[in-house]
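Add chain B to chain A, keeping to what the hints say.
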Amino acid sequence: MSTNAYNRPAEALRSGDKPVTAPPSAGAKKLGGVAGWVDDRLGPAKGVNYLMKKVFPDHWSFMLGEIAMYSMIVCLLTGVFLTFWFIPSAGHTTYDGSYVPLQGVGMSEAYASSLKISFDIKGGLLIRQMHHWAALMFIVALSAHMLRVFFTGAFRKPRELNWVIGCILSMLALVEGFAGYSLPDDLLSGTGLRAAQGFMQSAPVIGSYLAYMVFDGPFPGEAIIPRLYAVHVLLLPAILVGLFTAHIVMVAVQKHTQYPGPGRTNSNVVGFPVMPVYAAKAGGFFFIVFGFIAVLSALVQINAIWVYGPYDTSAVTAGAQPDWYMGFADGALRLLPGWLEFEAFGYTLSLNVAIGALMLIPIMYGIMAAYPFIEAWVTGDKREHHLLDRPRNQPTRTALGVAALTFYGVLMFAAANDIMAIKLHMSINDITYFFRTAVFVLPVIAFWATRRVCLSLQRADRNKVLHGRETGRIVRTADGQFFEAHEPLDPYTRWKLAGFEGQQPLELTSGVDAHGVAAPSNGKWRTRLSRFYFQDVVQPVTPAELEAAHHDGHATEHLEAGETTKALH
Amino acid sequence: MSSDTDATPRGGSTAYGADDFAAEESWSTAVRLDDGHHVVGDGALPAHFENPGLPPHVERMADKSEKAAKRAERQVAGLFTLSILGTILFLVAYFAFDTAHRSWVPGLGNVSTTNLLFGIGLGLALLGIGLGAVHWAKTLMPDAEVVEERHPMRSSDAAREEFVGIMRDGGEKAQLFRRPLIKATLGGALGLFSLPLLVQLVGSLGPLPKNHLSLTMWNGEPDGHGGYTPYDKRPRLVTDPEAMPIKAEHVTIGSVYHVLPEGLLANEELGVEGLEHGQLEEKGKAVVLLMRLDPKDFKPTERGQKALSWGYQGIVAYSKICTHVGCPVGLYERTTHHLLCPCHQSTFDVTDGCRVIFGPAKRPLPQLKIDVDDEGYLIAAEPFHEAVGPSFWERG
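Protein sequences appear in the order of chains A and B.
Position 102 (the first sequence) corresponds to 92 in this note's numbering; numbering is contiguous.
Take any residue in the second sequence, note its place counting from 1, add 264, and you have its number in this note's numbering.
The shape of chain A in the complex, shown without the other chains (with noise of 0.2 Å):
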């Protein structure tokens, strides 16, 4: 029509307009469409940009707790699937399902429920296998994660705090696998939950008030299925999924460590940005785990309830065990010797139960949650950590923790006792007490051990810093002398194995300054602690040193004279 802009007074408005010059393309119009009407609405995307860009640094051990997380999300996807069929409730009936051996069987509804879910609903079994493979699968991850944080010192300030929720997850993530398995009613998950019972009795004072709490009356009743079930599906997941998200927030605020390298620093992160490298590798790395976890319960059969028969307080099978991660629980109820149950007054103290059954899974778990504190305290470090150290590097922490991991072995195969008899044909009491033995002295060696070899493998670092990378090249000088040729690192390589930080035991001080001033004193004790992480200390190279080795008549002899020689007495 008319080209006359001015005919209507708004228009006036538009008259600073400049035309479009070139339109956006259709895909970015459509996610324009789409992300406007949202940013509209609640304006996300300068915080979402953020994000996007937001690097991550790359490490296998980094995908440890990535395993966790995931496997943690195919629980909980699979585990809804299972609510659908699953029936908790130890009411009685009689199974007339499709599995043969059982059919005309009193079981509870649970039990029965269960085998519906193995044997008469289409893909059921896949869907049971996966919660279960991926239950355990979640636990190992988990752990594994755990001790590469304790390794690597990740746990160190700012982030103290994530490694306190991370131990609290650890915790309940037992519990919510216990929970888990106890549910079907077989007769194995019965025995789990007899043993349980028997468990709460010991405690001191209130135990048989508090089984009486726990399972409405006596053992078993029918109120232990469906409170475990609500436990199961309801109160730890949602405590596990917020302490989880909470956990994952700090990571972001915190931003992830990195391993120390060429280029990395305390103050940044060198890695990928999530949009697009991370989010592809991370994403995919959901439906490896997911998949995985599909093949293998497709593969490998995992608790066939239905071997079992139905649960009686009266029967029992041979070889009873729980799932791997209760193990070291059992394991010490299994050492614990019998003398520890005292009788006076007319009371009974039942050690032997309750040290393993109720006291240690807090202790160990608070020693884990302190440690972060403990040892900052000793080494008097209140400094940020963004770099990881390599574990040979702190000898004193590794050799701990691979001390307690030790005692965690011992406690785990030590629940395996009756099937190392069985198929070592040995004597299951040689046996118990070589355990009762090792939880002691294991520990102890695999600390002095493990301490040793990391300052052997400190020393080596030194030594290739010093004399360069052994070529294999032998040569013969003009006067007939042999030697191997040796390379000299390159600062990259070299930066790997020098770059990391010196550490020296505290002094003791007077508890006065130089001045003359009170200042607080480092204690006896906190001395002799720093002293025992620290005595042995291998330092780094320096530069100094280096230049000294050039003069220590290996292959790089030829130094010119005249070189950097007055470091040199």
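Hints listed in this document are in silico derivations from the structure and should not be mistaken for laboratory results.
Every residue, glycine too, gets a C-beta built ideally from N, C-alpha and C.
Mixed in with the good hints, there may be bad ones.
Unchecked claim - In silico DSS-like cross-links for lysine-lysine, where the CA-CA straight-line distance does not exceed 25 Å:
1. K331/B - K44/A
2. K328/B - K447/B
3. K331/B - K43/A
What the hints assert, rightly or not - Label pairs and their computed distance ranges (CB to CB):
4. G455/B - V241/A: 53 to 63 Å
5. L372/B - V95/A: 22 to 32 Å
6. P416/B - M265/A: 20 to 30 Å
7. A423/B - V28/A: 24 to 34 Å
8. V28/A - R424/B: 34 to 44 Å
9. L151/A - V369/B: 26 to 36 Å
10. R521/A - E436/B: 16 to 26 Å
11. I238/A - L440/B: 35 to 45 Å
12. G660/B - R521/A: 45 to 55 Å
Leaving out everything else, chain B in the frame of chain A:
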């Protein structure tokens, strides 16, 4: 010590600030070589090495050659196609096979066809996506590392002071500090309000145990509330699950019976109704192992002889519930007369009053004193003299 900022390309700098090395001077001036070489520096060389910065970026095949990039593209697409095939496999298997269908697979044996095909189909559908995405990221997406700066976690001093100011100001505006009565009562109320919830939960979760853990169905007829009404006639020992009474003469040497009190299980033949409720609970306390030994096998100890005298011609009955944490003691070694608990391997010596000879249990298995009635059937002469099963504080 100059490289704390941008001396190196792409943001590289030393790992630690200069402050971090303050403590280091004491050893940097007196360096030591491990082979005994001793060097004293005089400051001509730096105290430690400098961070060389990021190593130069090495290009991948796909960065350099379009052919390699094309190949990577085809590999990624192939993996995504594998995923689609996996989905199709799952769907076809879902409609093609019945749940009961089983197949023989080498290495796995006779397995559920649906479980196998569903798992492999779903697995391929997921792995194809995952492996494809990761391969894409590793071959075609940029692999040059990016540097992001960190900032100290703590807020600025000003922000911290402002926070303290806001909180203090808020408290003052609410007159919190000027009115201690409000402060005290609010504190009290907040401290107490969770009590009703706690009392409700703890108080209503379950009944009190009373003395019920110390009694079993050998004491009397269950009254339905955890207590027991004493029998007029001592109960017979019956088998499980047939609920048949046992004649002493039928118990041969070396045989073991898993035994319950008469009246727990139904026996239509004998007109016994059995318990309508609480069968599992009563079984869990009353179940007994009955075995016959040659009377000469009993140890000459006081405990062994008492065990023999509480039995009947070498037939003895012991609680089957372990005194450790309550698993049924399921394994009887006929040659050694040892009972072994499969849960934690507590071992009891039947010839010596079921004394603990190994393992974590402390107390012997409680013995049930038995006799025969005038028809020759085994009866429980007396109930257990102590609580069966795991220890608890007030068991005495």
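Quiz item: Can you name, in rising order, the numbers of the hints this structure does not satisfy?
Solution: As far as the earlier hints go, 1, 2, 3, 4, 9, 10 are violated by this structure, in ascending order.
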